[in-house]
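Visitor: I would like the entire structure built from these sequences, with the hints used as guidance.
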Amino acid sequence: MSIPTATLSIGDLLRSKRVVTTPAAESGGCSSQGGDGKASCGSSAGPHDMPAEIWEKVKNHPCYSEEAHHHYARMHVAVAPACNIQCNYCNRKYDCSNESRPGVVSQKLTPQQAVKKVLAVASEIPQMTVLGIAGPGDALANPKKTFETFRLLQEQAPDIKLCLSTNGLALPDYVDEICKYNVDHVTITINMVDPAVGEKIYPWIFWDHRRVTGYEAAKILHERQMLGLEMLTARGVLTKINSVLIPGINDEHLIEVNREVKKRGAFLHNIMPLISAPEHGTVFGLNGQRGPTAQELKAVQDACMGGANLMRHCRQCRADAVGLLGEDRSDEFTLEQIEKMEVVYDIDKRRAYQQRVEAERKAQVEAKVQALATSGAGHSDDIKVLVAVASEGGGRVNQHFGHATEFQIFELTATSATFVGHRRVDLYCQGGWGEDEQLPSIVNAINDCHAVLVAKIGACPRDELLAAGIEPVDAYAYEFIEKAALSWFADYRQRVASGQIVHRSRGDASIRQGAFTAAA
Amino acid sequence: MAMKIIASTCTGCSACEPECPNTAIREKGGTFVIDPAKCTECEGQFDSPQCVAVCPVDGCIVKA
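First to last, the sequence lines map onto chains A and B.
Residue 215 in the numbering used here sits at position 215 of the first sequence, and the numbers go up by one each step.
Converting from the second sequence to the numbering used here requires adding 1000 to each position, the first position being numbered 1.
FYI, nobody ran anything at the bench for these hints, they're computed from the structure.
Cross-link-like lysine-lysine pairs, in silico, DSS-like; alpha carbons within 30 Å at most: (1) B/Lys1038 with A/Lys144; (2) B/Lys1004 with B/Lys1063; (3) B/Lys1004 with B/Lys1038; (4) B/Lys1038 with B/Lys1063; (5) A/Lys144 with A/Lys219; (6) A/Lys349 with A/Lys116; (7) A/Lys57 with A/Lys144; (8) A/Lys161 with A/Lys144; (9) A/Lys116 with A/Lys57; (10) B/Lys1028 with A/Lys340; (11) A/Lys144 with B/Lys1004; (12) A/Lys116 with B/Lys1028; (13) B/Lys1038 with B/Lys1028; (14) A/Lys340 with A/Lys161; (15) B/Lys1028 with A/Lys144.
These numbers come from a predicted model, not from an experiment.
Guide: Here you go:
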């Protein structure tokens, strides 16, 4: 099967975002409109952008709704250690508790242990609404353990949404089973729609009792992925496609991937940066394959905006992550700790808590609408900037600069505030003291931003950020993010208009590759 | 005639266990072991030993 490859390079994409005119796919899970690349549904969408029954499925799912991810938590249980393919960006041997990336866990669980853990977490974190099985291998290469976990959970915690992620090789064989347990969200990792690209990513697959390599392996995987996606779409299961952006291998090809998966009804497309460092021991890590820069990632994501709906808030979680996206509380729920816990699953208490979360969430949306109404008025300049935000959830600017392990990135214009991603950083403040050697890496991670919005910031990092040209802002502490960002931006444009400051564009930023140091 | 798993490189992923046509593989202390009395190296059953074909760690499963 021959698929035309896009002739654009990543450099072309960076030079002009709108250079790519991807024709709208003929059919699809939900339509997207051209405009300024605004998708009409998907992760950044609200209740008015999609059919009611689909909004009902995604509204409290932190991975499927960008709005929900500020308020609702997810957890992964590591019941699926086996895998049926090998990827050049994955090394299953490496297992470190300070590492945060897919495929990594600290403890494997049996289905019974997993259920106990889910019930314990659900009681402790009532905004936990979603349970996913994401490995550390492949959920469907461990069908017995995966579906036994789902069966037990459906009995004991019927309000928790179930989802799984897979490479797709075994997917067509398990679509019936997936529907039987009301799994209504499935993630498929699809990095290519052309086996010639695929053979550079997958050294082998285990298929029909054989280890198959090269082009043939990638071709089988590709065909199974497309078949599985089509089958899920036909059954009304929502799908998210994860693609790992590997510079020089599949960067411009992902536009083709986007078009093909959208055509087959994919609900969301999540383009993630390759995580690659020699110490991970992966093939890509060892042969020096680099990951993309922040602007390279954004260029490909922006080029795909006309296709399937893009997810921008993925945190590339571990296969045993617990909590809001961007936080990981798995340390609090080890097997030993769960054994000691008295777990009472109180579904009414969870509902009551979630009602309070809903009220907070509504207030955030209203604040954004109000801020947009005042911000856009009377301004005709076309300045566009990125800002970094320190938040520990609830959709507010409520985190101390020194406590942030990630910053959320928003793109601002006079008439819009759009979440475009997040940047992981090393903790600046450790044991009450600022670590000055961490600061340059934080500056690098948000170097393309004009300002950083925080609840509070010390004098030292404040001066350093100013010297790097990033404005530290604590004037909007504890306000809702979009309102705070738009208020700062109105003030910024005011200062530019009055000649007080000169607007300059910012450089690129780096995506953090090293081991994640958990907050001690 | 049997295969064996080198415990120090086994990740304990369990991929080999269900592939064995002779149910010769079981978990032992976090990693997996092959019962040499049951192992046939898949001779007459498959082209190559199934445990080796599915194992993600090169060189982890060898001839005993």
